[in-house]
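From first to last, the protein sequence lines are chains A and B.
Read in this note's numbering, the first sequence has 534 at position 113, and its numbers run on one by one without any break.
Read in this note's numbering, the second sequence has 475 at position 54, and its numbers run on one by one without any break.
Rather than coming from a laboratory, the hints here were simulated on the basis of the structure.
There's no promise every hint is true.
Same chains, same names: a pair is fine if it fits in one copy or spans any two.
Here are the simulated SDA-like cross-link-like pairs (lysine to any residue), alpha carbons at most 20 Å apart as the crow flies [claimed, not checked]: (1) K512 / I484; (2) K629 / D593; (3) K629 / F595; (4) K629 / G592; (5) K629 / P453; (6) K637 / A647; (7) K629 / A591.
Take a look at the letters that make up each chain.
2 protein chains.
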Amino acid sequence: MAEPTFRIVEVIYEGMTQLDFTAPHTVFSRIPNSETIVASKSGGAVTSDGGLTFAGTRAMADIDRCDLLFFPGGLAATEVINDAAFMTEAKRLASGARYLTSVCTGSLILAATSALKGRRAACHWAWRDMLTLFGAIPDPARVARDGDIITGGGVTAGIDFALTVAAELAGDDFAQALQLNLEYAPSPPFNAGRPEIAPPEILARVRKNMEGIMPKRLAQAQAAAARLSAPPLGELSRSD
Amino acid sequence: MAEPTFRIVEVIYEGMTQLDFTAPHTVFSRIPNSETIVASKSGGAVTSDGGLTFAGTRAMADIDRCDLLFFPGGLAATEVINDAAFMTEAKRLASGARYLTSVCTGSLILAATSALKGRRAACHWAWRDMLTLFGAIPDPARVARDGDIITGGGVTAGIDFALTVAAELAGDDFAQALQLNLEYAPSPPFNAGRPEIAPPEILARVRKNMEGIMPKRLAQAQAAAARLSAPPLGELSRSD
Numbered sequence: 422m423a424e425p426t427f428r429i430v431e432v433i434y435e436g437m438t439q440l441d442f443t444a445p446h447t448v449f450s451r452i453p454n455s456e457t458i459v460a461s462k463s464g465g466a467v468t469s470d471g472g473l474t475f476a477g478t479r480a481m482a483d484i485d486r487c488d489l490l491f492f493p494g495g496l497a498a499t500e501v502i503n504d505a506a507f508m509t510e511a512k513r514l515a516s517g518a519r520y521l522t523s524v525c526t527g528s529l530i531l532a533a534t535s536a537l538k539g540r541r542a543a544c545h546w547a548w549r550d551m552l553t554l555f556g557a558i559p560d561p562a563r564v565a566r567d568g569d570i571i572t573g574g575g576v577t578a579g580i581d582f583a584l585t586v587a588a589e590l591a592g593d594d595f596a597q598a599l600q601l602n603l604e605y606a607p608s609p610p611f612n613a614g615r616p617e618i619a620p621p622e623i624l625a626r627v628r629k630n631m632e633g634i635m636p637k638r639l640a641q642a643q644a645a646a647a648r649l650s651a652p653p654l655g656e657l658s659r660s661d
Numbered sequence: 422m423a424e425p426t427f428r429i430v431e432v433i434y435e436g437m438t439q440l441d442f443t444a445p446h447t448v449f450s451r452i453p454n455s456e457t458i459v460a461s462k463s464g465g466a467v468t469s470d471g472g473l474t475f476a477g478t479r480a481m482a483d484i485d486r487c488d489l490l491f492f493p494g495g496l497a498a499t500e501v502i503n504d505a506a507f508m509t510e511a512k513r514l515a516s517g518a519r520y521l522t523s524v525c526t527g528s529l530i531l532a533a534t535s536a537l538k539g540r541r542a543a544c545h546w547a548w549r550d551m552l553t554l555f556g557a558i559p560d561p562a563r564v565a566r567d568g569d570i571i572t573g574g575g576v577t578a579g580i581d582f583a584l585t586v587a588a589e590l591a592g593d594d595f596a597q598a599l600q601l602n603l604e605y606a607p608s609p610p611f612n613a614g615r616p617e618i619a620p621p622e623i624l625a626r627v628r629k630n631m632e633g634i635m636p637k638r639l640a641q642a643q644a645a646a647a648r649l650s651a652p653p654l655g656e657l658s659r660s661d
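If we strip away everything but chain A, and leave its shape as in the complex, we get:
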């Protein structure tokens, strides 16, 4: 009997950062002997940041299981972790997956499934500390691996992350051939991609731009974390 196809499920949502998703998808969709399914809460069309609409996604509830689960990040990540229907399906898919993966603030979604308790995970530099709300250990690495949990840092870390996953699933030679096909020999025109190396005035500018959005996002993460650490409703109401 043929080995069942390795199933990768990428869960996207309104307001995700599309490059968090599209860069890994470029890699995942080329991994041999695997199928890649793009899923969303309700199926159908999903619009990302930058106004791109991805048509034809499958409803999470219609997917019985997966081998690798992937969440991209985005400003809306702290919203979906407060969406009970989304999180029910996210937890179900996570519980059956061998590999749990994410890019950027997608690790906050993984964390909100409770899968990251006591585990190391990467995240976008500006959001990384929120992982502690869920008992996860923020890892400043561009790609963090803790057992079969593989996570990438902010947005463009998705390429390094996905090639790491490709090597795990299909071998180093395959990953290197893919890197050559994608001509991935990066040469950024500036040296400003991390807070530690960015010019101080650039970092200050970015932090200032984020000031307006962070309090609401932090409150959303705290709300999701509080729900996670509270005992399940069933236990609270049990009278026997």
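Assemble chain B onto chain A, guided by the hints.
Using the frame of chain A, we list chain B on its own:
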């Protein structure tokens, strides 16, 4: 009177390599005082490599003009340059644009509009030589600039390319802040991203995989180039 919005038109097509498009789109869609329009030959939904479907694109013919024209690459690039209706609109938009840009084999499309005669352009390493069919000068740079023609190399060069364009349009500070937001401090897990640095056996493997597809693609490029250098039909049939 307010300055008119700077208009960026990204032309996509069936079978494009979606990361050629989605990485630059992430950057372009954040450039201040600009609008980004995703266009295609007939408008509507367009499916890329890897099975992603982008909904809601606008028909090229419905766009009167643009300031920056952008073509991503893909295996189908050598097909669209033989599509008369596509190329009529591509030439019209190119003729009015200030900036002509591309990533990967998108430069073959630019070249087929005749805009690259005697001009330097980048392209995916395996396809770069085809530029000479159109009188263009292949440039091995990751991002090549020749006047207001700005082109990127293969696939992932699109990030370096787009940040270069962002710096041109909105300044170095803006481009650096965006780089920090996108956490673009690349750290590839392997060192195989260009033929010059890839392990020889990896390069041989990739070249072997391409053997099957290249003759047809080269013939398509030659056909388009022959049409470009032939005198227009009007001149041939003129009897007066």
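So, going through the hints one by one against the coordinates:
{"no.": "1", "hint": "K512 / I484", "verdict": "within (13 Å within a copy, 45 Å between copies)"}
{"no.": "2", "hint": "K629 / D593", "verdict": "between (41 Å within a copy, 18 Å between copies)"}
{"no.": "3", "hint": "K629 / F595", "verdict": "between (42 Å within a copy, 13 Å between copies)"}
{"no.": "4", "hint": "K629 / G592", "verdict": "between (43 Å within a copy, 18 Å between copies)"}
{"no.": "5", "hint": "K629 / P453", "verdict": "between (44 Å within a copy, 17 Å between copies)"}
{"no.": "6", "hint": "K637 / A647", "verdict": "within (15 Å within a copy, 59 Å between copies)"}
{"no.": "7", "hint": "K629 / A591", "verdict": "between (42 Å within a copy, 18 Å between copies)"}
In summary, this structure violates none of the numbered hints.
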